[in-house]
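Trainee: Chain A is already provided as a structure; the job is to place chain B on it using the hints.
2 protein chains.
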Amino acid sequence: MRTHSETSSSDGVTERLFTLGEIPGVLWTPVGAVGTRPLVLLGHGGGRHKKDPDLVARARRLVTGHGFAVVAPDVPGHGERPVDEEYDRIARANQARIAAGAEPAPLIAAFQALVARRTVPEWRAVLDAVQALGHVGTGPVGYWGVSLGCGLGVPFVAREPRVRAAVLGLGGASASAEAAARITVPVQFWLQWDDERVPREQSLALFDALGSPDKSLHAHPGGHGEMPVREPDCTARFFARHLG
Amino acid sequence: MRTHSETSSSDGVTERLFTLGEIPGVLWTPVGAVGTRPLVLLGHGGGRHKKDPDLVARARRLVTGHGFAVVAPDVPGHGERPVDEEYDRIARANQARIAAGAEPAPLIAAFQALVARRTVPEWRAVLDAVQALGHVGTGPVGYWGVSLGCGLGVPFVAREPRVRAAVLGLGGASASAEAAARITVPVQFWLQWDDERVPREQSLALFDALGSPDKSLHAHPGGHGEMPVREPDCTARFFARHLG
Chain A
1 MRTHSETSSS
11 DGVTERLFTL
21 GEIPGVLWTP
31 VGAVGTRPLV
41 LLGHGGGRHK
51 KDPDLVARAR
61 RLVTGHGFAV
71 VAPDVPGHGE
81 RPVDEEYDRI
91 ARANQARIAA
101 GAEPAPLIAA
111 FQALVARRTV
121 PEWRAVLDAV
131 QALGHVGTGP
141 VGYWGVSLGC
151 GLGVPFVARE
161 PRVRAAVLGL
171 GGASASAEAA
181 ARITVPVQFW
191 LQWDDERVPR
201 EQSLALFDAL
211 GSPDKSLHAH
221 PGGHGEMPVR
231 EPDCTARFFA
241 RHLG
Chain B
1 MRTHSETSSS
11 DGVTERLFTL
21 GEIPGVLWTP
31 VGAVGTRPLV
41 LLGHGGGRHK
51 KDPDLVARAR
61 RLVTGHGFAV
71 VAPDVPGHGE
81 RPVDEEYDRI
91 ARANQARIAA
101 GAEPAPLIAA
111 FQALVARRTV
121 PEWRAVLDAV
131 QALGHVGTGP
141 VGYWGVSLGC
151 GLGVPFVARE
161 PRVRAAVLGL
171 GGASASAEAA
181 ARITVPVQFW
191 LQWDDERVPR
201 EQSLALFDAL
211 GSPDKSLHAH
221 PGGHGEMPVR
231 EPDCTARFFA
241 RHLG
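Those protein sequences? They're chains A and B, same order as listed.
The opening position of the first sequence corresponds to residue 1 in the working numbering, with each subsequent residue numbered one higher.
The opening position of the second sequence corresponds to residue 1 in the working numbering, with each subsequent residue numbered one higher.
Everything labelled a hint here was simulated from the structure, so no lab data went into it.
One thing to keep in mind: the hints can contain errors.
[Said to hold, decoys possible] Computed, partial: chain A to chain B, Cβ under 8 Å: (1) Q131; (2) P213; (3) K215; (4) S216; (5) A219; (6) P221; (7) H224; (8) V229.
[What the hints assert, rightly or not] Simulated DEER-style distance windows between Cβ atoms: (9) B/L133 - A/T7: 52 to 62 Å; (10) B/R241 - A/I98: 18 to 28 Å; (11) A/T36 - B/P228: 56 to 66 Å; (12) A/G134 - B/G47: 57 to 67 Å.
Remember, predicted model here, so these are calculated numbers, not experimental data.
We put the beta carbon where it would ideally sit given N, CA and C, even for glycine.
Pulled out of the complex, with its shape left as it was, chain A reads as follows (with noise of 0.2 Å):
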């Protein structure tokens, strides 16, 4: 893990941005922290990388409402990765089979198992390499993830023990619902009513293939982008309560 910049700003937030081998990624934490805290690994979504602005805020919120650990690392492809040769020719084909009138869902979430299966190791490597320094440390650790940090979620926290609780979202049962019912820790889910890319049944049958026993859906109306302000203060309180 090599780190190239650390910075602390005056609302007590460091952000160590880092590489862990090929993975660019971000890491917040309290200024000043001492010892072991539970850490929670953010998946960001298509298009977007680690340093989004709603990644950001949602990161600054629980590292000064809860001292948790927060870590963010850029998906292939995305952020501070060289283009992915191999991912953009199947996401060009899939666009050109969706502008031909193939149904997107499907085609989205195969692709999405496709990246999974680099970004699970990866993901885990990075909680080794957070969770070997001192002020991370071997804590609880949660999952926050939607739309295409769902996709990669699922199979992650489905397979990784660490992981204590998940909050999920924008995202439907094609190709992970297999995954989803090894997952039995709690889960929050996300779903936005008018989602114009992930088909309503789709979300509902994720949610519904969830294993976890304390598993709670939240919708709200609006299309895939508008998921609503108070959201993150009712995901603060699920993470606080499961990994606090």
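Mentor: For chain B alone, coordinates are given in the frame of chain A:
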């Protein structure tokens, strides 16, 4: 409005038992309250009554936590009200039809629509009487009701302009989709994912039918009677946000 008893408890809640015409009710207010405050009307479930332990706990939380007034009337045929022969006859006929294999949901919905023809004007009269009290006054009004309280609540909220926010749930669209479409105030809607009495599609259809631009669906695993214990906190915050 005739008051039959008034008791105050050490946690700061005054409980007044009253009758308004033939309607028995209970009003909870902060001890020593002076002046106008938000008022929440609670609609109890089928076979329950105005002093059901769940209702009492919910009312006390709104009084002690937020300084609200809370009122709960007995629905006809429930609590201290006499058996209603017409309702009783219909309920017995429905039970026989369900035992013979009929779908319960449409029968229950039709029955609730019949009862609502009485409860809508009764509850409006209760608001008039309670808001005439100096320590309640004409502040914003909220409504809370699930199950029977949802079946009766949808037409009430649709009809009563004083209601500015409503919590509904455990009910389906069979009889009330048309009234639901006329509701435009913020709504929090609760659904039990494994509800054995209300088919899931019916519940989702009722949420879908609500005309409110600001509405949220909260779904949890479990049967009709197993709403999560965290729900009262969430609804208290909702009322505080919209009435406080």
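Trainee: Going by Cβ atoms only, is A/Q131 closer than 8 Å to chain B?
Mentor: Nearest chain B Cβ about 29 Å off; hint violated.
Trainee: Can the hint on A/A219 be confirmed by a CB-to-CB distance to chain B that is less than 8 Å?
Mentor: 4 Å, holds
Trainee: With a cut-off of 8 Å on the beta carbons, see whether A/S216 makes it to chain B.
Mentor: 5 Å, holds
Trainee: Is it true that the C-beta distance of A/G134 to B/G47 lies inside 57 to 67 Å, as the hint says?
Mentor: At 59 Å between Cβs, range holds.
Trainee: Does 56 to 66 Å hold as the CB distance between A/T36 and B/P228, or does it fail?
Mentor: 30 Å, violated
Trainee: Does the Cβ distance between B/L133 and A/T7 fall inside 52 to 62 Å?
Mentor: The hint (52 to 62 Å, Cβ to Cβ) holds, given that B/L133 and A/T7 are roughly 58 Å apart.
Trainee: Using the nearest Cβ pair, does A/P221 come within less than 8 Å of chain B?
Mentor: Holds, because the Cβ-Cβ distance from A/P221 to chain B comes to roughly 6 Å (cut-off 8 Å).
Trainee: Next item in the hint list is A/P213. Is there a CB on chain B closer than 8 Å to its CB?
Mentor: 7 Å, holds
Trainee: Hey, does the A/K215 contact hint survive, CB to chain B under 8 Å?
Mentor: 6 Å, holds
Trainee: Interface hint check: A/H224, Cβ to nearest Cβ on chain B, cutoff 8 Å. Holds or violated?
Mentor: A/H224 check fails; min Cβ-Cβ to chain B is 17 Å, beyond 8 Å.
Trainee: A closest beta-carbon separation below 8 Å is what the hint needs, so does A/V229 meet it against chain B?
Mentor: Violated. Min distance 12 Å.
Trainee: A range of 18 to 28 Å was offered for this pair. Does it hold for the Cβ distance of B/R241 and A/I98?
Mentor: 40 Å, violated
Of the hints listed earlier, those the structure fails to meet are numbers 1, 7, 8, 10, 11, in rising order.
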